[in-house]
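Chain G is fixed; fit chain P onto it per the hints.
Line by line, the protein sequences are chains G and P. Letter by letter, the first sequence follows residues 163 to 620 of the numbering used here. Letter by letter, the second sequence follows residues 163 to 620 of the numbering used here.
It should be emphasised that the hints constitute simulated quantities derived from the structure, not laboratory data. Computed from a predicted structure; not experimentally measured. Just to be clear, a hint being listed does not mean it is correct.
Since copy identity is lost for identical chains, a pair holds within one copy or between any two.
[Claimed, not checked] Below, in silico cross-link-like pairs of lysine-lysine (BS3-like), each with a Cα-Cα straight-line distance of 30 Å or less:
1) Lys-219 <-> Lys-247
2) Lys-433 <-> Lys-182
3) Lys-386 <-> Lys-219
4) Lys-271 <-> Lys-437
5) Lys-327 <-> Lys-386
2 protein chains.
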Amino acid sequence: MSERIATLEGTLFALLEERKYSTIRDILITMNASDIAGIFDDLSHEGIARLFRLLPKELAAETFVEMEPDAQELLIQSFSDNELKEVVDELYVDDAVDIVEEMPANVVKRILRQADPEMRKMINEILQYPEDSAGSIMTTEYVSLRSHMTVVEALKRIRRIGLDKETIYTCYITEEDRTLIGMISIRTILLSDDDDVLSDIMEQNVISVSTMEDQESVVQMFAKYNFMALPVVDTENRLVGIVTIDDAMDVMQEEATEDFEKMAAMTPTDKPYLKATIQETFKARAPWLLILMLSATFTSLIISSFEDSLATYVILTAFIPMLTGTGGNSGTQSSTAVIRSLSLGEITVSDWLSVIWKEMRVAVLVGLTLAICNFVKLLLVDQYLLQNPSVTPIVAAVVCITLVFTVIFAKLVGSLLPLLAERTGFDPAVMATPFISTLVDTMSLLIYFQVARLVLQI
Amino acid sequence: MSERIATLEGTLFALLEERKYSTIRDILITMNASDIAGIFDDLSHEGIARLFRLLPKELAAETFVEMEPDAQELLIQSFSDNELKEVVDELYVDDAVDIVEEMPANVVKRILRQADPEMRKMINEILQYPEDSAGSIMTTEYVSLRSHMTVVEALKRIRRIGLDKETIYTCYITEEDRTLIGMISIRTILLSDDDDVLSDIMEQNVISVSTMEDQESVVQMFAKYNFMALPVVDTENRLVGIVTIDDAMDVMQEEATEDFEKMAAMTPTDKPYLKATIQETFKARAPWLLILMLSATFTSLIISSFEDSLATYVILTAFIPMLTGTGGNSGTQSSTAVIRSLSLGEITVSDWLSVIWKEMRVAVLVGLTLAICNFVKLLLVDQYLLQNPSVTPIVAAVVCITLVFTVIFAKLVGSLLPLLAERTGFDPAVMATPFISTLVDTMSLLIYFQVARLVLQI
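Pulled out of the complex, with its shape left as it was, chain G reads as follows:
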């Protein structure tokens, strides 16, 4: 929360204490809905209900959309049917859907009962699309025009119906049966002559997505093409809705956050960090740590089986964390690069050969560099400077040979696993981290002890 808002919040709380409602109202109406919602989050339930009723209709609905689901639910429960209807009437259909998706069944029923039939139909239509599909994030409130309209006619229609539409900046030209044949920006309309006909000035090569398209590819298209809105069509190329850039931006941020969480071995939650309860955070984190911990049984087994040799060459133990660590870091670098490139659409699964070829060349270079540096360091620092007699050149060689193979293996696994996950329909980000670290830890130890056996003859 910015300082300015924090100051306003203090003032509002003081005024609420003194019940100076008209002053509060005067302040609230100068504020942005997001900021009001932010202040509501810090208020008691009863306080929210009192302040909310001070807001003018439109600002009230905008603020409602920005509030946390818990607060929305409490507020709905305090609404009379009439009050609920007023808010629902002001909502855009995609916002209404977002709210409905978060509410328990009985609240959903109340909301749908208060929505007018047209709105109810649209909400139900969007709700039928699978989560994270283009259909689920679109809105059905767009401006459609006909190709025979002139600029003047188009402007007249926009001015008549535009108030209820999510965006009027991009308008779509459809045929009678809603087949999408063109698009035109309000900019082009305004900058054209009054009697130009839309069919002459519209963009005919419309890029659209199907309702079932994954929301991540929708975001990629926005990033690639700099659209303000993207039309969503059914299998017969009939326009069913649009996704606007501000919603695409929200999805982009959500998807990135989810990837961060998955790659750090957490189950994504859609709650902001400090809003999630201890139980929720625990549930998101503990299972993955548990799986990773239990899968470390492999590393214990390998070390145990090598116990006798380790008893003679205890110094080998000293480099285990460095080796598994370097392996893990090398693998993470590759997997992160591949996962991010996949989600940005920079590469697809079909690029797997180029990816491996690139990673292997980098791996050899990196592995050799690390090995040489480490060899010098072991002799210079560990043996000479720290006077550790066990760090002989032959032990250093064992460590450094292992390093080369570990880095190569880690980068291979790190780049291949996300691609394999994507190919088989799993989420690259989820599959990647736990499997890679377990695999790399296990493999680096196997390589280490194998090299030690061969070189040290133990």
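Then chain P, alone, in the frame of chain G:
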């Protein structure tokens, strides 16, 4: 690249072979600039130059903006002064700045020489702002209106000057000296009556950013407020430019990618994965791996100093990867959560107490859960099932006590370090990963051996 574009690319290459330029032109003009640029990236330099000249002026400039810097540079070098001028004239100023920033000095000079004086002035103005500031990502091409104008007058002005402006969807109302006093969307203008005066219908509480504001906070404001554009003002609240949502979206994606790379211990590069050369990828990855590898000297030292005791209790070695691994994963969970929340603006440094309090409670819960599960697993699997006689209940206790403290320490470090980095002006994402893993590895071993000494009396 989508299948549709790949097919078109094949066709175009075949047509280029046969020099059927007019057919190529007919196909190109139906395509989107991004897609054309994508195809150019796969062409020879000479091929690009030939195809580029087929494009109509506006599409040519749009395509040029979307091309890779290397290809842009080669193309500029093949341009005559006149051709260069034609492209530069069509560019929006913020796109021109992006290009200028990537080019070597002699190319920049040529570009600026061909730009008209007004454009040159604007480019130089934007170039003076520090990288990653609001000033550096804004454009100076916005529509400004006066508060006394009527809707009809405003529309007339927009239609007259709008063609050269990056966006006409949001217009800004300024005084003579460019002081920002209001904003109005083209939507509001269109949906108002012809003789309404702007001062009555404009939004007076304009949220703006200063030129020096970090681009990350600009992105946060777009995400929070659902703006289409954000005005950028100087210290005297005079309007100097605007940031449009499509540019903010690009910045959002870049910033997320940078954070992914930094958190995976890589130096961010702005090249797409497969475009970066082996040398570039090597340079981005090797230094961090090297630092992390060398910092693992601490763990070697600790293990070496414990060598004698380890020789008697070799079984303790078997759990080192599990302990450092679990510590690392616990720390990564916390640091990722904190880093992401910081960059989304969900928390600020001043929330550090709430963060620590939350993390500590989660850490205790997680630590105990893991310890109990691991204790049961050690006795059930390792001792009973795998018949490893060294895994006694007392050894299991040592491992599990260590686990609790390691998780708590890791989550403390993982949440504190990013906050500390942010507080001292470092990038949380960079500071976090290397320091945390080194610290946690070292500390978990210290805890492990200390607990072992105490419990096993060695």
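Consistency of the hints with the structure:
1. Lys-219 <-> Lys-247: within (11 Å within a copy, 52 Å between copies)
2. Lys-433 <-> Lys-182: neither (33 Å within a copy, 57 Å between copies)
3. Lys-386 <-> Lys-219: Close across copies (21 Å), not inside one copy (37 Å); limit 30 Å.
4. Lys-271 <-> Lys-437: This pair counts as within: shortest intra-copy Cα distance 27 Å, inter-copy 52 Å.
5. Lys-327 <-> Lys-386: both (25 Å within a copy, 21 Å between copies)
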